[in-house]
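Engineer: Spelled out from the first residue to the last, the chains are:
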Amino acid sequence: MTAPDRATLRWLFRTMVTIRAFEEKHMQEVNAGKPIGGGHSSIGEEAVPTGVCAHLTERDFVASTHRGHGHCIAKGVDVKGMMAELYGRATGACRGKGGSMHIADVSKGMLGANGVVGSNLPLATGAGLTAKLRGQGQVSVSFFGDGASNQGTFHESLNLAAIWKLPVIYVCENNLYAESTPVEYSTAVRDIARRAVAYDIPGLIADGMDVLDVYEKAGQAVERARRGEGPTLLECKTYRYFGHFLADDPHRYRTKEEEESYRARDAIASFKKRALASEWLTQAEMEAEEQRAQALMDEAVRFAEDSPPPSLDDLVTDVYVSYPRIKV
Amino acid sequence: MTTTAATRQITYGEAEREALREEMRRDPNVIIMGEDIAGAAGRQAQGFTDAWGGPFGSTKGLIQEFGAERVRDTPISEAGFIGAAVGAAATGMRPVADLMFIDFMGCCLDQIMNNAAKMRYMFGGKSKMPLTIMTRIGAGVGSAAQHSETLYSMLTHLPGLKVVAPSDAYTAKGLLISAIRDDDPVIVCDHKRLLGRRGPVPEEPYTWPIGKARILKPGKDVTLVGISLMTTVCLDAAAALAKDGVDAEVVDLLSLSPMDDEAVLTSVRKTQRLVVVDEDTPRCSLATDIAALVADEAFDFLAAPVKRVNAPHTPVPFSRALEQAYMPTPQKVVDTVKGIMG
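Respectively, the protein sequence lines represent chains W and R. Each step along the first sequence adds one to the number in the numbering used here, with nothing skipped, and position 322 is 322. Each step along the second sequence adds one to the number in the numbering used here, with nothing skipped, and position 15 is 15.
There could be a bad hint or two in this list.
Here are the simulated BS3-like cross-link-like pairs (lysine-lysine), alpha carbons at most 30 Å apart as the crow flies [as the list claims (entries may be wrong)]:
1. R:118 - R:270
2. R:270 - W:256
3. R:118 - R:217
4. W:34 - R:332
5. W:272 - W:108
6. W:34 - R:192
7. R:332 - R:270
8. R:212 - R:118
9. R:270 - R:212
These are calculated hints, taken from the structure and not from any lab test. Source: prediction; values computed, not measured.
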């Protein structure tokens with residue numbers, strides 16, 4: 001493939017380092033005993049939301065998972081609001097009521113992280129229906145893991161989107177583990193993309209440790225969707241460097257050698273090498289991006305810490321649209 | 001039921017694990033399945049086994065004794081494996097299915113509601129459904145809206161399902177053994193905040209009958225009915241009330257369906273006042289059900305209106321400040337009781 005233009009390359013790098021900086025800061029705050037909620041780190045998987053969301057605008061839709069911080073950032077959700085949400089503050093993306101597993105910003109087309117595995121696929125399918133009915137060329141993306149591909153919702157969603165030719169891209173982040181359960185045990189096929197055959201839609205495989213490969217394959221899927229030709233299943237082979245959740249020790253179910261083999265192909269480090277060798281971006285430009293991301297996270301934590309908790313009145317608001325408060 | 005003075009202290013979670021182990025030894029038809037109930041599935045040859053032993057450690061160590069045939073890790077497929085447990089139960093096995101959080105009931109409710117709960121009735125009594133589902137309920141651990149629900153009221157609403165909610169290690173073991181031996185589908189609701197609490201538990205197998213409540217503290221002035229973790233809230237409230245000269249009786253409901261109506265009614269007829277403490281949301285809840293029962297059967301004995309202390313009618317908020325306000329507390333119970341002591 002030919003490399004994307006310089007502005008895109010820069011956005012890809014900026015987005016990946018922002019995601020990683022956010023996740024590292026989150027982990028650091030949790031380990032420091034700050035009053036912040038835990039969560040599921042997406043470190044290692046940054047190339048996938050980045051390479052996919054590079055093709056989207058705010059008018060497109062994304063539905064995310066419990067491991068959703070990267071999807072939010074790549075879709076343009078404000079990082080300060082995300083950090084404040086993890087702190088449960090009134091200034092959080094969900095006013096402190098959602099937390100890590102439910103960060104959303106509907107104004108940015110981000111339909112929410114989701115705490116139930118496989119739960120977002122029908123949602124993204126419905127957003128695809130909206131897009132199709134409105135006829136304005138919007139597309140919808142569902143991010144989900146290898147584990148979710150064994151839920152009925154995966155199969156029902158792909159079939160529905162296929163028969164209705166909905167503009168949906170189903171992005172499977174195959175990181176090899178559903179919690180502690182290896183994909184080779186839980187899943188009857190080696191390549192989840194093969195499941196597309198059952199719904200007569202394209203099934204693509206991307207190297208989820210290579211943002212440019214994800215970018216290229218996602219581009220094909222998004223273009224197909226925007227042309228009105230229907231859904232695509234895009235499997236990105238990736239890896240989470242840490243446990244299922246922050247306190248999970250992954251060495252109870254996988255080897256350090258396996259981890260090393262993926263870290264050796266780290267998406268950010270390998271992009272840097274290529275960017276330098278191909279003169280896409282300079283060392284100074286990339287360092288500036290990394291410093292920018294760090295500064296943004298420091299600012300986000302200060303913002304969160306300086307923000308008040310929600311008012312107790314907020315406990316009973318927003319259950320229904322039509323009542324400001326409900327009777328307790 | 002035997003409780004000896006010298007009984008060991010173990011946690012609620014350990015008591016459940018012991019119940020599973022004893023029942024699996026006793027009956028080869030007892031199997032258990034669920035997500036990560038052992039963990040690292042299929043990697044024994046690489047030196048990995050029992051990586052998690054269940055998301056809460058409830059099944060730790062079972063795969064070593066009973067093997068992967070009887071301790072079955074499943075894919076994340078709640079409709080599939082809960083439904084498979086229903087099918088296995090209908091055909092002679094005695095499965096225990098582990099549903100990580102009751103919130104995930106949404107993924108598999110069809111199998112529970114339309115198959116497990118109805119087959120015996122629909123088939124004219126010609127089938128059995130010896131199925132146990134273990135699941136985790138409750139807020140207060142910062143897990144937000146989709147991992148903190150209580151929801152047992154929803155299951156209690158369905159005829160054909162038995163629903164129990166132990167309140168300590170002793171009742172956890174006794175009720176789980178009863179559930180496994182029962183020929184009907186039983187949902188065992190375990191509060192996350194009870195799992196690590198220690199209590200006296202006999203080593204030998206024993207049962208606590210499904211449908212039987214217990215009086216944890218006798219009293220004469222007001223009846224507090226507690227469910228699961230709320231039973232401990234009732235006990236704390238009763239201790240606080242005692243300092244103000246109010247003698248509260250604490251009824252630990254334990255079984256939600258069938259329910260020990262007589263235990264509640266007998267207590268209310270004596271104390272003439274009732275406060276039900278229920279962490280589930282208030283509309284169509286156990287608390288409203290018990291209030292209706294007492295209105296029907298003991299109205300003439302009441303000296304004050306029946307009161308309910310529930311969570312507010314909202315999803316569970318994430319923010320710590322809001323979540324603390326969400327939970328029923330001893331103080332809320334004390335305040336409620338004081339409002340009806342005239």
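Engineer: What are the numbers of the hints the structure violates, in ascending order?
Structural biologist: Violated hints: 1, 2 and 3; rest satisfied.
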